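Colleague: Chain by chain, the residues run as shown.
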Amino acid sequence: MNTDFHLLPADAAASASRLDSFALCLLLLTGTVALVLLALMIGFSIRYRAGSNADRTHVPKQGLSVEIAWTVIPLLLFLGIYAWGAIDYVKLYQAPANAMPVFVVAKQWMWEAEHRNGRREIGQLHLPLGRPVRMVMTSQDVIHSFFVPDFRVKQDVVPGRYTSIVFTPSRTGEYRLYCAEYCGTEHAMMLGRIVVMQPAAFAQWLEAGPRQPGMAARGFELYRRYGCSGCHDPGSSVHAPDLTGLLGRRVHLADGRELTADEPYIRDSILVPAKDVVAGYAPIMPSFAGQVGEEDILAIIEYIRESAHDQRTERR
Amino acid sequence: MTSAQNDASIVDEGTAPHERREPSYLAGGYRLIDWLTTRDHKRIAVLYAISITFFFFLGGVAAALIRLELATPQGDLVSDDTYNKLFTAHGIIMVWLFLIPSIPAVLGNFLMPLMIGARDLAFPRLNLASWYLYMAGGAIVLWALLAGGVDTGWTFYTPFSSMFSNSHVVAALSGVLVLGFSSILTGLNFIVSVHTLRARGLSWFRLPLFVWANYATSLILVLATPVLAMTLVLVAIERLFQVGIFDPALGGDPLLFQHLFWFYSHPAVYIMVLPAMGVASEIIPCFARRPVFGYRFMAYAILAIAVIGFLVWGHHMFVSGQSMYAGMVFSLLSFLVAIPSAIKVFNWTATLYKGSIRFSAPMLYALGFVGLFTIGGLTGLFLASLALDVHLSDTYFVVAHFHYIMVGGSVMAYLGGIHFWWPKVTGRMYSDTWGKIAALVIFAGFNLTFFPQYLLGYAGMPRRYHSYPGEFQLLHVLSSAGAVILAVGYLMPLGYLAWSLRYGARATPNPWRATGLEWQTDSPPPEHNFAIAPVVVREPYAYTPEGP
Numbered sequence: 001m002n003t004d005f006h007l008l009p010a011d012a013a014a015s016a017s018r019l020d021s022f023a024l025c026l027l028l029l030t031g032t033v034a035l036v037l038l039a040l041m042i043g044f045s046i047r048y049r050a051g052s053n054a055d056r057t058h059v060p061k062q063g064l065s066v067e068i069a070w071t072v073i074p075l076l077l078f079l080g081i082y083a084w085g086a087i088d089y090v091k092l093y094q095a096p097a098n099a100m101p102v103f104v105v106a107k108q109w110m111w112e113a114e115h116r117n118g119r120r121e122i123g124q125l126h127l128p129l130g131r132p133v134r135m136v137m138t139s140q141d142v143i144h145s146f147f148v149p150d151f152r153v154k155q156d157v158v159p160g161r162y163t164s165i166v167f168t169p170s171r172t173g174e175y176r177l178y179c180a181e182y183c184g185t186e187h188a189m190m191l192g193r194i195v196v197m198q199p200a201a202f203a204q205w206l207e208a209g210p211r212q213p214g215m216a217a218r219g220f221e222l223y224r225r226y227g228c229s230g231c232h233d234p235g236s237s238v239h240a241p242d243l244t245g246l247l248g249r250r251v252h253l254a255d256g257r258e259l260t261a262d263e264p265y266i267r268d269s270i271l272v273p274a275k276d277v278v279a280g281y282a283p284i285m286p287s288f289a290g291q292v293g294e295e296d297i298l299a300i301i302e303y304i305r306e307s308a309h310d311q312r313t314e315r316r
Numbered sequence: 001m002t003s004a005q006n007d008a009s010i011v012d013e014g015t016a017p018h019e020r021r022e023p024s025y026l027a028g029g030y031r032l033i034d035w036l037t038t039r040d041h042k043r044i045a046v047l048y049a050i051s052i053t054f055f056f057f058l059g060g061v062a063a064a065l066i067r068l069e070l071a072t073p074q075g076d077l078v079s080d081d082t083y084n085k086l087f088t089a090h091g092i093i094m095v096w097l098f099l100i101p102s103i104p105a106v107l108g109n110f111l112m113p114l115m116i117g118a119r120d121l122a123f124p125r126l127n128l129a130s131w132y133l134y135m136a137g138g139a140i141v142l143w144a145l146l147a148g149g150v151d152t153g154w155t156f157y158t159p160f161s162s163m164f165s166n167s168h169v170v171a172a173l174s175g176v177l178v179l180g181f182s183s184i185l186t187g188l189n190f191i192v193s194v195h196t197l198r199a200r201g202l203s204w205f206r207l208p209l210f211v212w213a214n215y216a217t218s219l220i221l222v223l224a225t226p227v228l229a230m231t232l233v234l235v236a237i238e239r240l241f242q243v244g245i246f247d248p249a250l251g252g253d254p255l256l257f258q259h260l261f262w263f264y265s266h267p268a269v270y271i272m273v274l275p276a277m278g279v280a281s282e283i284i285p286c287f288a289r290r291p292v293f294g295y296r297f298m299a300y301a302i303l304a305i306a307v308i309g310f311l312v313w314g315h316h317m318f319v320s321g322q323s324m325y326a327g328m329v330f331s332l333l334s335f336l337v338a339i340p341s342a343i344k345v346f347n348w349t350a351t352l353y354k355g356s357i358r359f360s361a362p363m364l365y366a367l368g369f370v371g372l373f374t375i376g377g378l379t380g381l382f383l384a385s386l387a388l389d390v391h392l393s394d395t396y397f398v399v400a401h402f403h404y405i406m407v408g409g410s411v412m413a414y415l416g417g418i419h420f421w422w423p424k425v426t427g428r429m430y431s432d433t434w435g436k437i438a439a440l441v442i443f444a445g446f447n448l449t450f451f452p453q454y455l456l457g458y459a460g461m462p463r464r465y466h467s468y469p470g471e472f473q474l475l476h477v478l479s480s481a482g483a484v485i486l487a488v489g490y491l492m493p494l495g496y497l498a499w500s501l502r503y504g505a506r507a508t509p510n511p512w513r514a515t516g517l518e519w520q521t522d523s524p525p526p527e528h529n530f531a532i533a534p535v536v537v538r539e540p541y542a543y544t545p546e547g548p
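Those protein sequences? They're chains Y and F, same order as listed. Number 126 in the working numbering belongs to position 126 of the first sequence; there are no gaps in the numbering. Number 146 in the working numbering belongs to position 146 of the second sequence; there are no gaps in the numbering.
Just so you know, these hints were derived from the structure itself, not from any lab. Note that the coordinates shown come from a computational prediction; the quantities given were computed from them, not determined experimentally. All residues carry an ideal CB built from backbone N, CA and C; glycine is no exception. Any given hint could be a false lead.
Not close to chain F: a few residues of chain Y, all C-beta gaps over 10 angstroms, as computed [stated by the list, open to error]: (1) N98; (2) L129; (3) R249; (4) I284.
What the simulated footprint calls covered on chain F by chain Y, stretch by stretch (three residues with Cβ under 8 angstroms from a Cβ of chain Y suffice, anywhere in the stretch; the number is not a length) [to be verified]: (5) 280-292; (6) 324-334.
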């Protein structure tokens with residue numbers, strides 16, 4: 001890891017240099033404003049110091065046109081900056097279809113990551129170069145925050161919900177992962193190492209080393225064990241919605257709403273089934289709150305995600 | 001104060017001042033009990049000044065230890081736990097025991113009645129009660145800190161504070177709750193006083209901007225503080241009785257706390273900075289010998305900041321997991337609230353134009369305030385920009401930004417106000433030379449302390465870390481060195497102002513040739529402020545470059 005100080009962190013994600021140009025433009029703009037104000041204050045201070053013989057006739061007390069000018073011009077500038085920042089922000093949360101999900105559970109005081117094939121790591125995270133990555137994150141205890149300065153990304157990791165952030169590593173190497181939300185005694189020690197590898201090397205790494213069965217396989221096992229299949233399988237006697245290929249599908253709800261089924265939706269449906277009942281079904285599912293852990297829910301979600309691929313394979 | 005003084009008869013307007021000269025408010029009643037039972041707003045202001053100064057230096061000691069710890073990357077001076085308790089103590093003390101009450105409770109208490117030509121605030125007993133609440137709240141907080149400390153940070157984020165911290169959270173919450181009631185009472189008192197006790201002829205648009213600023217601040221105090229009180233009670237309930245409010249393990253919502261907390265704590269930033277703007281608006285016209293430029297725009301800007309300030313709390317939560325659309329709305333509103341602040345800076349600068357400027361100590365503090373507030377405000381634009389905030393939030397960039405606003409802004413203005421009204425409050429002059437030296441030392445020390453933190457933040461240094469990777473050390477060392485200079489700067493006024501109390505020259509009623517009502521009475525003012533109830537016949541800030 002590089003220990004020399006650099007004013008700018010490395011731009012190791014595709015969005016980083018875009019953000020740096022924005023920051024630079026804003027710095028030039030605000031710097032100009034600050035310098036002009038400073039020059040005016042110093043200039044007036046010298047010219048109109050007590051005892052100088054500067055012209056002080058026609059002292060203006062107010063000036064409507066000046067006031068309007070210095071209200072409207074900043075307003076327009078601010079709207080421009082706002083739009084620029086907002087557009088870049090929206091891009092940070094838009095996941096491309098080929099984004100590779102990585103699941104993270106944060107706890108006092110460590111980062112646990114799990115890849116889709118079941119390979120797990122603690123305190124470090126291996127990622128392939130050039131592939132959009134979508135972090136799906138939750139916390140087991142308090143609020144943490146996933147912060148990689150070299151990628152210019154940060155996202156709070158909140159207990160009780162999934163948050164996500166998307167980025168594309170654009171440079172191989174090792175980068176620091178920090179916890180940015182104060183989380184207790186060893187907050188400053190909750191560090192991680194992100195290793196960006198060439199895709200081939202990453203694929204090799206992913207297959208090497210000890211791992212559990214793939215997340216989806218584990219999810220299928222849990223799907224059976226918790227009894228989900230009893231109601232949700234196509235042939236079951238209880239009438240429950242089919243979950244095959246659910247992720248990303250639009251879902252119509254009993255109360256007329258409509259939403260896209262994403263990870264938080266499935267998690268809520270397991271823990272608070274009465275919250276979003278699918279149209280045409282009775283709200284008879286019991287809650288699994290307190291019975292199923294975050295890591296198990298993530299595995300079940302992964303099984304449901306994979307079921308779409310299975311279906312496609314079958315059709316072929 | 002005796003009952004005879006309390007029900008003194010209304011001043012007879014027909015009598016000439018020299019025939020009925022009353023003794024100063026400092027004369028008579030020297031005993032401690034006379035001070036502790038006073039209902040005179042000026043004495044209460046002095047009580048506040050002493051207690052607030054104590055807490056300022058206490059919070060400063062915590063800050064000094066923090067900077068000392070951060071001089072090396074290893075975190076070898078104090079343990080991680082102690083460090084967490086130190087920055088929590090620093091935050092709680094500085095925010096609730098110093099910044100929020102400083103200008104309103106000390107300068108506002110002393111000056112609001114004088115500036116509106118009143119004999120006292122509308123509710124003198126309530127005023128004393130709010131000082132006692134302040135002391136009680138301060139004592140509870142102090143107890144929590146001494147009994148073992150609190151490690152949640154001043155923001156008390158749940159579920160850490162409600163379910164996971166093993167420190168004295170409930171005691172600290174109770175202290176802050178009591179302090180909140182103190183500020184509500186002060187705010188209420190100011191609002192009623194401005195509405196009912198203005199002198200004859202003192203219309204709304206003849207009010208000094210300091211009064212406008214404290215009036216707007218009081219509206220925020222009265223409207224927002226109850227939300228804080230409620231939030232703190234909810235945290236205590238969850239912590240004590242495990243009722244699921246904020247902890248998802250109990251069925252609560254952790255983001256609910258942040259919404260409630262920032263609904264108070266963002267407007268609280270304006271509680272800290274609006275009165276500072278009021279102080280600058282008094283000092284700059286006086287020493288530039290010019291009416292403040294665009295008086296009405298300045299007053300409207302104060303009100304606009306107070307109103308829009310209520311609508312921007314979500315910009316503390318851009319990466320919290322709230323919806324992307326909420327982030328976009330809060331970002332837009334945050335840019336809007338920056339506009340009235342910009343207007344004020346432009347108007348202060350324009351006030352210097354064609355003036356006859358004297359650089360006495362209060363003026364240096366006021367100009368320092370404008371400069372530091374400008375830098376703090378402009379860097380706020382980086383944080384209001386959504387995509388940049390994703391990178392910068394919870395880093396030292398934020399730490400630098402809010403210290404520029406709160407310390408560079410509020411504390412500079414508070415010191416400027418202390419120097420400006422010192423002759424009025426104490427009846428003594430201080431050494432202007434020492435005042436100027438201190439102002440420059442503080443300005444230099446401040447910039448050296450906090451400017452490197454902007455760079456640290458952009459480079460990725462997270463806040464609230466007691467140890468850090470080695471590459472950040474250089475900037476931390478610069479910052480710590482600045483803190484040493486800053487500490488010296490803050491100790492200097494303590495010395496020369498104390499010296500002036502005994503040896504300073506006697507102050508005339510109006511040493512700065514200022515035009516505010518408070519300068520139309522003796523220094524120090526008599527117990528009932530004015531020998532004759534004043535009548536206002538002109539606009540505020542009737543300064544001319546030639547001088548009166």
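Colleague: Work down the list of hints and note, for each, if the structure agrees.
Modeller: Results of checking the hints against the structure:
1. With a minimum CB-CB distance of about 21 angstroms to chain F, Y:N98 clears the 10 angstroms threshold, and the non-interface call stands.
2. Every Cβ of chain F is farther than 10 angstroms from the Cβ of Y:L129; the closest lies at roughly 21 angstroms, confirming the non-interface assignment.
3. Y:R249, annotated as away from the interface, keeps every beta carbon of chain F farther than 10 angstroms; the closest lies near 21 angstroms.
4. Y:I284, annotated as away from the interface, keeps every beta carbon of chain F farther than 10 angstroms; the closest lies near 21 angstroms.
5. For the region 280-292 of chain F, the assignment as covered by chain Y holds, since 4 residues bring a beta-carbon within under 8 angstroms of that chain's beta-carbons and 3 suffice.
6. With 5 residues having a beta carbon nearer than 8 angstroms to a beta carbon of chain Y, the region 324-334 of chain F meets the requirement of three or more and the stated coverage holds.
Consistency note: the structure conflicts with none of the earlier hints.
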